[in-house]
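Participant: Throughout the sequence shown, residue numbering follows our numbering, covering 1 to 386 in sequence.
Take these hints with a grain of salt, some might be off.
Said to hold, decoys possible - Below are the DSS-like pairs computed for lysine-lysine, each with C-alpha atoms no more than 25 angstroms apart in a straight line:
#1 K90 with K131
#2 K106 with K220
#3 K260 with K111
#4 K220 with K257
#5 K195 with K172
#6 K106 with K172
#7 K277 with K111
#8 K164 with K190
#9 K190 with K26
#10 K172 with K83
#11 K212 with K106
#12 K131 with K26
#13 K277 with K355
#14 K164 with K111
#15 K257 with K355
#16 K277 with K257
#17 K212 with K26
#18 K90 with K106
#19 K195 with K83
#20 K164 with K131
#21 K164 with K195
#22 K83 with K26
#23 K164 with K106
#24 K83 with K131
#25 K212 with K277
Hints are computed from structural coordinates only; laboratory data are not their basis.
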Amino acid sequence: MRDNQKNKNQGLPFPSASTELLGHEKAEGELVEAYNSGRMPHAWLFFGPTGIGKETLAFRLAKFILSQEGNKLHQPLSCSLFKSLTINPKCQAALQVSSESHPDLKILRCKSNEQGRTNSIIRINDIRSFKSSLHLKSSSGGWRVIIIDEAEKMNTNAANAILKLIEEPPEKTLVIIITNSLNAILPTIKSRCRKLMLRPLNDNFVASLITKVYPYLSDKDMNIILRLVEGSPGKALTFLEAGGAVIYRDIINILSKIPKISGEEVHALAENWCKRKLNNSNQDIFHIVTYMLLRWIERAILAANQSPDIQEIIPGDLEAGRIYVSCIGLESAFYRRDAIYRLIQLENALMLDRKQLIIEAFYILALGEKIEYSIFSPSARDFIKF
């Protein structure tokens, strides 16, 4: 449960407490149309990139369904149809959903462990904790809503449990599954859900949200963030809180020197990054740094292939990428990108030392397959001697 009345996520309400959703009128309209038809599907699958508003839309739908009006779901239609999911934000259902305390709302997401790091897997026990209660009557006698966030993180047993839930849904239960990666969802789950795609927002929408929180952000930093996040306001606000423009400049400063990288500089930056915490998160900046490393090498590959749509994020980053790929070759560039991706997956699964993994990532970019490496080595210091 989050105390959304007091805590703010990077200056904006948490998704459950948000009273508006900009840029996704078409997606909301599809939900309203399904509701007005009297044939609302019992299971929805919201998919699209990270941080674009999928969770916010899920909570808007939950508030609507759990409100007095929404609980008429599947009953004979009144003479007037709904035009949006907007309800009175002061009604009891809206307030309870905003604080994630509504008795008929179940939320499944990755939990934090005792060390404060968020687990990267949703397990079967997380589902069992609420599944048994679904066979009881709802507190109001109306509908219940289940929201599963980042469903791509469910392990096999958890995914199979959710599959069974949507195959044999309890009476008056609406399931909303949210994922950042549609391909990671079981085909059998996808086939049993009504799919709803949310697209990245245009830069004007993202910039307007950024300006609400960072009104004095320079045009230069605004452009850096907009090009990095590709239409994701959630990602933009996280990057800005972490000092994303500075982080990207530091990364390019190092990568432009390949293969003559300073090991001391890499270690100092990795240590500094991993000490810092986001104000509203127990996580460090590991995923931001590794995301930027992956984006850089992917853009370097596109630049080497003379892609007409690729633009500089900061002066010189594309040229550094072209030189890098021309020196190591396309095959090696793809290999190094995949190796960094595997590091991220291993960190997600095993919760390894993040400073070590950042150093390893730079090491992979600099030396690639030329020298064998292991993320389980006690230190990468012996290898970083460029």
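Participant: Which of the listed hints are not met by the structure?
Facilitator: Checked against the structure, the hints that fail are numbers 1, 2, 3, 11, 12, 16 and 24, while the rest are satisfied.
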